[in-house]
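Participant: Residue-level listing of the chains:
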Amino acid sequence: MKPFTYERAASPAEAASAAARQPDARFIAGGTNLLDLMKLQIETPAHLIDVNGLGLDKVEPTQDGGLRVGALVRNTDLAADARVRRDYAVLSRALLSGASGQLRNRATTAGNLLQRTRCPYFYDTNMACNKRRPGSGCSALGGYSRQLAVVGGSDACIATHPSDMAVAMRVLDATVETVKPQGATRTIPIADFHRLPGDTPEIETVLERGELITAVTLPKPAGGTHHYRKVRDRASYAFALVSVAAIVQPDGSGRVALGGVAPKPWRSEDAEAEMSRGAKPVMAKLLAGAKPTEENKFKVPLAERALAAVLAEPRG
Amino acid sequence: MATPRENDVKRRTLMAATVATAAVGAVAARAGAQTTPPAASPSSPAGAAAPTLKVSFTVNGKPRDLDLDPRTTLLDALREGLHLGGTKKGCDHGQCGACTVILDGRRINSCLTLAVMHQGGEITTIEGLGTPEKLHPMQAAFVKHDGYQCGYCTPGQICSAVAVLEEIEAGIPSHVTADLNAKPALDDAELRERMSGNICRCGAYSNIVEAIGEVAGRKA
Ligand SMILES: Cc1cc2nc3c(=O)[nH]c(=O)nc-3n(C[C@H](O)[C@H](O)[C@H](O)COP(=O)(O)OP(=O)(O)OC[C@H]3O[C@@H](n4cnc5c(N)ncnc54)[C@H](O)[C@@H]3O)c2cc1C
Ligand code: SF4
Ligand code: FES
Ligand code: FES
Chain Y
277 MKPFTYERAA SPAEAASAAA RQPDARFIAG GTNLLDLMKL QIETPAHLID VNGLGLDKVE
337 PTQDGGLRVG ALVRNTDLAA DARVRRDYAV LSRALLSGAS GQLRNRATTA GNLLQRTRCP
397 YFYDTNMACN KRRPGSGCSA LGGYSRQLAV VGGSDACIAT HPSDMAVAMR VLDATVETVK
457 PQGATRTIPI ADFHRLPGDT PEIETVLERG ELITAVTLPK PAGGTHHYRK VRDRASYAFA
517 LVSVAAIVQP DGSGRVALGG VAPKPWRSED AEAEMSRGAK PVMAKLLAGA KPTEENKFKV
577 PLAERALAAV LAEPRG
Chain B
3 MATPRENDVK RRTLMAATVA TAAVGAVAAR AGAQTTPPAA SPSSPAGAAA PTLKVSFTVN
63 GKPRDLDLDP RTTLLDALRE GLHLGGTKKG CDHGQCGACT VILDGRRINS CLTLAVMHQG
123 GEITTIEGLG TPEKLHPMQA AFVKHDGYQC GYCTPGQICS AVAVLEEIEA GIPSHVTADL
183 NAKPALDDAE LRERMSGNIC RCGAYSNIVE AIGEVAGRKA
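Protein sequence lines, in the order shown, are assigned to chains Y and B. Quick note on numbering: our numbering labels position 122 of the first sequence as 398, and the sequence is numbered without any gaps. Quick note on numbering: our numbering labels position 123 of the second sequence as 125, and the sequence is numbered without any gaps.
Chain Y with its partners taken away, still in its complex shape:
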C-alpha cells in the first residue's frame, strides 16, 4: 500500500468538504473493496476519510411508505431487516447471494454500489486497461473475456459491474441520496447513477469529486413475487456470470433487471412490456444490441433460461 493520511469525519457535510479539499482523498466505509485494491496499488489514495462514525447506519420508513437505507447500513443488516425481507425480498436475496458472511458484515450499502469491476486485467497491473490506466488499451477485447459484458460495453471497455445488490436496487427503482462538498444535497435515480463506459471507462458513476452518498431510498413496496436468481461457477462465494432480479405480478406482468452482463444493472421498460409473453421476447428486447465475444456469448441464452426458470415459479 502507498502511504496515506487518515481522518475520521465528524458529519456527512464535513466528510464531503474534506474529500474535496484534499487531493486524492477517498472515503472508506467497510473497506472490503478499497483496501483490496489499495494493496494491489490499483487504488492509491493519499488521504482516507473514515465515514463509519457518521450515524448513517439506520433503515427508516419514508413519508410515502418506502424505506430510507443509510449509506453505512451493512449488507448483513439490510438483508436481515424484517421490512426488507417482507416487502423487498429481491433485495435480501441479492445481498445474501453476494460475497461471504464475513464480508457482508462489513460491506456497506454505498460501498457495494461503488465496488469496482472484477475484470481480471483491471486487477493485473502488468496489463493494459483503460479503466485503470486511461488510454493504455483494453486487454479484455481479444483476451480472456468469459466473465465480461455482452451489452452496454464500448471499444474502450467491456467490464461488468459486479454488484448483486445494485441489480435488485435497479429493479426496485431505488434513489441515491448524496451531499456535495458545498453542502448541497441531491437525489439520483439508480438508473442514472452508473455510467456506461464510452471512451471514459474510468468514470463509473455520475458522482462528483467529494460527493458523499448518504442513503439509498426504496419507493413503496411493488408487491408481486420477488426473485433473485444468480448463475455462477460455484454454488456460493462467487460473482455472477448472469443474474436475474425480477418482480412478477399475479397477472404475469412485472419487472426484470440483469446482472453480470453489462457495465451497470441492465433493465429496459420496453422489454418488460413483454413479460407476460415469456422469457424469449423479453430477452430479445433487453439484449437487443448485445455484442458478445466468442468467450462470453453463452451469457445470452443463459440469461434467457435464467429468466424462464424464474417465470416458471409459482406466483404469489
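Note that these hints are calculated values from the structure, not bench results. Hints may be right or wrong, so weigh each one.
Claimed, not checked - Pairs of lysine to aspartate or glutamate, DMTMM-like flavour, derived with a Cα cap of 25 angstroms:
1) 185(B) / 363(Y)
2) 56(B) / 290(Y)
3) 91(B) / 400(Y)
4) 278(Y) / 94(B)
5) 91(B) / 319(Y)
6) 315(Y) / 69(B)
7) 315(Y) / 94(B)
Chain Y is fixed; fit chain B with the ligands onto it per the hints.
Facilitator: Positioned in the frame of chain Y, the structure of chain B with the ligands alone reads:
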C-alpha cells in the same frame, strides 16, 4: 506493553545479529537498512513514512493501545503488533477466511480492515475463545471430529463457526434459506452456505460441518 515499533526494532535487531553471526557483512548492512521506515506494516512496501496514529481497542478482554502506520490492517496489528499469531494470513484479500476474527460480536475478515478504524472496538481472536486447558466447545468439537488436517484455516473456521451459530440464532437468513420470513434451519445446507467464506485447502469440510452441528445441539 510493547508497541509494534518496539517489537519491530527487537525483531530487526535480532535479525541483524543473526546475519552478523553468519559473517555476511553485505547482507547485514541490507537488513540494517530495512529498519528505516518506522513501523511500516509487514505487507507494506517501504515508502515515504506516513505519521503513525494511536488507536485503542480491546482484544480478548484486554485493553490494548497501539501506535501504528495507518496502513496496518487489523490482521497485521494482531499478529505483528500484539503477537497473537493464532489469526492467520492466507490470501490477504478477503478470499479465504483464514483471518476471521469477531469484531463487536460479528465475524469479519481482519485482512480487509484497517486497525485504526476500530478505536474502542472489541475484538475476539481464537486465543480469546478458549485456552488449552479449557477449550471453547467449538474448539473441542473440531478436535473430536477431526475438523482439520494442517490446521492453517482452523482458527478462522472456528471463529466463523461460533459466529454462524449466533447468526442463525438471531434469525439472519442466508442464500439457501427457503422462507426469508421464517427462522433459518440448522441443517447441513445452511451450515455449508454460511461457512463458504472459509476455504480449507485440506478439504476438511464434512468434518467441520459435523463439528458445528454437534455444538449446535444436533445429533452428529
Ligand atoms: C472475495 C470477495 C467476494 C465478493 N463477492 C461478491 C459478490 O458475489 N457479489 C457482490 O455484489 N459483491 C461481492 N464482493 C464485493 C463486496 O460486496 C464489496 O467489496 C462491498 O460491497 C464494498 O463495500 P464497502 O463498504 O466495503 O466499500 P469500501 O471498500 O469501503 O468502498 C468502496 C468504494 O466506495 C466508496 N465509498 C464508500 N462509501 C461511500 C459513500 N458513503 N459515499 C461515497 N463513496 C463511498 C469508497 O471511496 C470506495 O471507492 C466480494 C468481495 C470480495 C473481497
Ligand atoms: S474490459 Fe475494462 S476493465 Fe477490463 S481490461 Fe478492458 S478496459 Fe480494463
Ligand atoms: S487472509 Fe483475510 S480472507 Fe484470506
Ligand atoms: S486444515 Fe489445512 S487448510 Fe484447512
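Participant: Given the proposed pairing of residue 91(B) with residue 400(Y), does the C-alpha separation stay at or below 25 angstroms?
Facilitator: holds, 21 angstroms
Participant: For the pair supplied as a hint, residue 315(Y) and residue 69(B), is the alpha-carbon distance within the 25 angstroms limit?
Facilitator: Between residue 315(Y) and residue 69(B) the Cα gap is close to 21 angstroms, so the pair holds against 25 angstroms.
Participant: Below or equal to 25 angstroms on CA atoms is what counts here, so check residue 278(Y) against residue 94(B).
Facilitator: The given pair, whose Cα atoms are some 16 angstroms apart, holds under the 25 angstroms limit.
Participant: Does residue 315(Y) pair with residue 94(B) here, judged by a C-alpha cut-off of 25 angstroms?
Facilitator: Since the Cα atoms of residue 315(Y) and residue 94(B) sit roughly 9 angstroms apart, the hinted pair holds (cutoff 25 angstroms).
Participant: Does residue 56(B) pair with residue 290(Y) here, judged by a C-alpha cut-off of 25 angstroms?
Facilitator: Status holds; Cα separation ~22 angstroms.
Participant: Take a quick look at whether residue 91(B) and residue 319(Y) sit within 25 angstroms of each other, Cα to Cα.
Facilitator: Given that 25 angstroms is the threshold and the Cα spacing comes to 22 angstroms, the pair holds.
Participant: Please work out if residue 185(B) and residue 363(Y) have their alpha carbons no farther apart than 25 angstroms.
Facilitator: holds, 17 angstroms
In summary, the structure agrees with every hint in the numbered list given earlier.
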